[in-house]
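Protein chains: 2
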Amino acid sequence: MKLSTYFRSSAAWRVRIALGLKGVAWTPDFIHLLRGGGEQLRPEYRTRNPTGLVPTLETDDGAAIAQSLAIIEWLEETHPTPPLLPGDPLARARVRAFALTIACDIHPLNNLRVLRYLGREMGQDQALRDRWYAHWIAEGLAALEAMLADQSGPFCFGDAPGLADVCLIPQLGNARRMRCPVEPYPKLLRAEAAACVLPAFADAAPDRQPDAG
Amino acid sequence: MKLSTYFRSSAAWRVRIALGLKGVAWTPDFIHLLRGGGEQLRPEYRTRNPTGLVPTLETDDGAAIAQSLAIIEWLEETHPTPPLLPGDPLARARVRAFALTIACDIHPLNNLRVLRYLGREMGQDQALRDRWYAHWIAEGLAALEAMLADQSGPFCFGDAPGLADVCLIPQLGNARRMRCPVEPYPKLLRAEAAACVLPAFADAAPDRQPDAG
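Protein chains in written order, with the working numbering: chain A, 1 to 213; chain B, 1001 to 1213.
Just so you know, these hints were derived from the structure itself, not from any lab.
Any given hint could turn out to be false.
Output of the computed footprint for chain A on chain B, the stretches with three or more beta carbons under 8 Å from beta carbons of chain A [said to hold, decoys possible]:
| id | region |
| --- | --- |
| 1 | 1046 to 1052 |
| 2 | 1124 to 1135 |
| 3 | 1172 to 1185 |
As the structure is a computational prediction, the values presented were derived from the model and not from experiment.
Don't be surprised by glycine CBs; every beta carbon is placed ideally from N, CA and C.
Starting from the given sequences, assemble the full structure and let the hints guide the process.
Here it is, written out as C-alpha cells:
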C-alpha cells in the first residue's frame, strides 16, 4: 500500500498509527503541504483525491481512498486483527463519537488551509490565529475528557489502543506544538502515556518521518 | 428513541433522514440553538453530550450517542435494513469518504459557533462571514462532484439512497439557504432530485419540523 503523507498532518499521522497497529507495510508518497504553494493542490494529486487534502491511501489494487477515518474503517474491515473498534454497537458508537469530535470539531478548524484563510483573506495576525487555534483545542479537549469520565484506562476506552487513541495522540501533539494547555485533561494524558510507548505510535510521530524538517 | 434536534442543524437533519430511511420511530427533544444563549450549552444537555452540539440520540435503553455519523453507523449496525452503506469494503470507503468530506471539511467550518467566533472575536462583518461560508461550500461541493465522476446515479452511489445522500441533501440545503451557487454540480443535483421525492428526505426537511420558525 502507498500512503500520501506529510509528517505534520495530523490526519496522515492517524493513518500512520493505524497502519502500524494493524501491522500493514506501506510505502510513503510524500506530499509537501507548503512547498510550491502546496503539492496537495496539484492536479495530479487531486485526480487521486479531489479534496486536495492528505492523506490518501492507495490500496494494493491501485484504488485511492480519501479521508483518514474512511481509510481506517476500511483497514478495520479488511484487516480486522487487532481490532481498533470494540464489538458491541453502543461501545463502537462511543469510540466513533470520540474520534469524530476530533476529526470534525477540532482538527478542520485548525487546518493549514483555514489558518491561511484567516490570515490572507481576513487579515488576522499570528496572535489572533493562535487564539483561534487554542480556543477550538480547549473546547474540544474538554469535551473529549468528559467523554472518558467513566473510563478507567489505561487507553481511552479500555486496555488496548483503538480508534480513539489513534485520533487523540496526533491532536494532543498539535496542542503541545502550539503550546496549548493539556494539564486539565488527565484522562487524555493517561491514554497518551499508554500509547506513546508502543512502536506503532512512536514510529508514526512527525519527527520520525523521513520528510520531517 | 429520542433525538435532540434543531430544525436548521444539518447534522441533526442527517440523523432525521437516516431514522426515516430505517423506518425507526423517534421522539423529538427540541434544543433551540439560539434561545437563551443556546440550549445546547446548558449543563443538563452537556451531561448527555459533552460537545454541546446537536444532535444526540438517546437509545431505548437510555444511552446517549453524540456525533451524527457515529449515530448513523450505530443505526446501520443495529438496524441493518435497508442498508445505508454498500457491502464491499472499498465501496463503503468511497461512500464514507464522501460523507466525511461534508462532515469534516465543509459543515464544521460553517457551523453557528464558528460564524459567531468570526463575528464576535474577529470582528468579521456579515459580508465577510458570508464570503467565508461560500468559500468552504464551493471548495467542498467541487470535491464532492469530482468524487462522483464515475457514478451514473440516480443517487450519489447507485440506485438506492445511502449515507452519501443522507449527508449531501442537508449540505445542499445549507448552500441554497445561503444563496451559494449549486448549478456547477450536476451529479450532486441529480442525487438531490432523486432523494427529495422520498418521504424520509421530505419529512426530515427543516421547514417540516415542529420547532421551525
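To see whether the hints hold, each was checked on the structure:
1. 1046 to 1052: holds (count 4)
2. 1124 to 1135: Coverage by chain A holds for the region 1124 to 1135 of chain B (5 residues, Cβ < 8 Å).
3. 1172 to 1185: violated (count 0)
The earlier numbered hint that this structure contradicts is number 3, and it is the only one.
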